[in-house]
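**Q** Let the hints inform the model, and build the full structure from the sequences given.
Chains as they are written, first to last, in this note's numbering: chain A, 1 to 262; chain B, 1001 to 1360.
Hints are supplied without guarantee of correctness; some may be wrong.
Stated by the list, open to error - With a Cα cut of at most 25 Å, we get these calculated SDA-like pairs of lysine to any residue:
| no. | chain 1 | residue 1 | chain 2 | residue 2 |
| --- | --- | --- | --- | --- |
| 1 | B | K1178 | B | W1285 |
| 2 | A | K36 | A | D189 |
| 3 | A | K119 | B | G1140 |
| 4 | A | K246 | B | R1076 |
Worth flagging that the hints you see were computed from the coordinates, not collected in a lab.
In this text the structure is predicted, and so the values were computed from the model without any measurement.
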Amino acid sequence: MATRSEASGNARISVRDVTMAYGDFVLMRGLTFDVKRGNVFVIMGGSGCGKSSLLRHMIGLHEPAAGEILYDGDSFTHADPEHRDELLRRMGVLYQQGALWSSMTLAENVALPLGEYTKLSAREIREVACLKLALVGLKGFEDYYPSQISGGMRKRAGLARAMALDPDILFFDEPSAGLDPISSRLLDDLILALRDSLGATVVVVTHELASIFTIADDSVFLDADTRRMIARGNPKDLVEHCPEEKVRRFLTRSAEPVEQPA
Amino acid sequence: MVVRLAGAWRLGGTTPAVDPVAEQLRGTRPRALRFDAGGLGAWDTSLLAFLDRLENAAAEREVTVERGALPEGVTRLLDLAHAVPSRTGSDGAKKRDGLLARTGLAAIALLAGGREVVTFVGRLTQAIGRLVTGRARFRGVDLAVFLQDTGAAALPIVTLISFLVGVILAFVGAVQLKQFGAQIYVADLVGLAMVRQMGALMAAIIMAGRTGAAFAAQLGAMKVNEEIDALTTMGIPPLDFLVLPRFLALVLMMPLLCIYADVLGIVGGFVVGTSILGISLSQYWNQTVNAIDLMDCLPGLIMSVFFGALVAVFGCLRGMQCEGSSSAVGDAATSAVVSGIVSIIVADAVFTVLFDILGI
Ligand SMILES: Nc1ncnc2c1ncn2[C@@H]1O[C@H](COP(=O)(O)OP(=O)(O)OP(=O)(O)O)[C@@H](O)[C@H]1O
Ligand SMILES: [Mg+2]
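**A** Structural data, given as structure tokens:
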């Protein structure tokens, strides 16, 4: 297999000099960062700057125009299909729009991966699916179709499906968008519980400052104007010490320039 | 230069054009543009749009704009509209190319399109290989639903169309054959035409419009909704899970629909023959049975299997190619029907020549 780089001993995911492009349109270049094992890693940035795109690159739905993505030091970008499938099986993804399979009930949505990859009986699968749905507050909605529930509920059902196989890497695209403050708070608790009890590595795209400060161990900030990442680190440090004014403004939610504290 | 704004500015009403002011800007080249909003009544977005265009025109001619006299609400909204600089470097707003460039691009797109079809068929073949070796994964219920949908559910429309095709064939034939007093041969005409060609063709065209479009719309919506990505990241190949059951259902059901259409077409001819041409039931029956032997059914059946595959391939491919929004789903459905029908007709022509050469 690919070489194991020395530096990435503790890195679950390494993004190495990645350029993202759609055709001729370059979205971001020179993205380089590590996501450490058992961390909650937040991707921040203005709307439309390419956060979802970065997530889609990290899970192999788009190929980087340049650079490479490694999992545990092994290349994901250049992996053969079997190896890729194996890696994918250990990931859970929540899409920005939920992306539930619309022809299946919520329970069937959660059950499908279980049926594919476990040897559980039909009854056990159903039990696990119901448990996962209960975890995101959807008890009693097992037999609803995605079209019959609200946007926020769809998001949560997507979360339950992402967690179906107890993956050790989770990708959440704006998990709290469309949720009320209380559900959003519960979701933060859930994410922290996943990290602390299951040791999961969680990559989250979010705009919500409260949850950024609650959950993030580490983060990157993508900037649409320069097409680069302009900050890296724990948001609590960034808000005080980041040299980039844009980042401090983002983290303090101010339209006016903020002074950099001495 | 001072622009005096007066009266009510409503989107529903008429508002003055920017051009005369812009013309004057060019002619007189003033140093600054000021406003007098003393007589301004109620206003809405129409005023903002006017001012925005005016400011753009002024900026082009390097005339400074002094917003001082404008109502505060107007200035604030204008500021907000300019708070986020417009995006550059995206290919959303591309310039229009010249004729030569467009021809070239169209040719490249055509080639790329053909490539995609070939790739898709290749992938599908691999999936069928997995199916044969028992490694393909899709849900049995899905296959059952599609079998029902492409079979029983399509019967009413197939009944109507093929019956009428039989009637039409009989009418057209009768007019000619009557001149020779050979009405009885209407039975041969309708029977052979239905069995060798029209049954398969009609069933295929109906299914292209009905099921091909439905497949494209279903898969297109799933693609737009990231449902297909969700399958991929679960390690479940969408081709196995989504395309294979649809493909199998159509390939299995199309020959059956073809036989059904053949029979209904013959019934149509029979109704015309007995009611208008005065042929008796038994005469018509005997004539039909003598005219058609089982080998005549073979071409239609062979073709219908291929037509089923074509409809399924184009329906699913166009759906999977869908990008972007829900309007893309509509385009996918249209394109699935068009390419489905075109490919059916082309394949029909090829097959007919081929069968002729082979003597079937
Ligand atoms: N499939 C695609 N083809 C072409 N351009 C795309 C595609 N997907 C996204 N883009 C472009 O890439 C840019 C980034 O999109 P993306 O969805 O990654 O943004 P985002 O940061 O997730 O935004 P938001 O916070 O609103 O979700 C957008 O400007 C969009 O126009
Ligand atoms: Mg996004």
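**Q** None of the hints should be skipped; say for each whether it holds.
**A** Hints and how they fare:
1. K1178/B x W1285/B: This hinted pair holds, its Cα atoms lying about 19 Å apart.
2. K36/A x D189/A: Judged against 25 Å, a Cα distance of about 20 Å means the pair holds.
3. K119/A x G1140/B: holds (18 Å)
4. K246/A x R1076/B: With a Cα-Cα distance of about 22 Å, the restraint between K246/A and R1076/B holds, given a limit of 25 Å.
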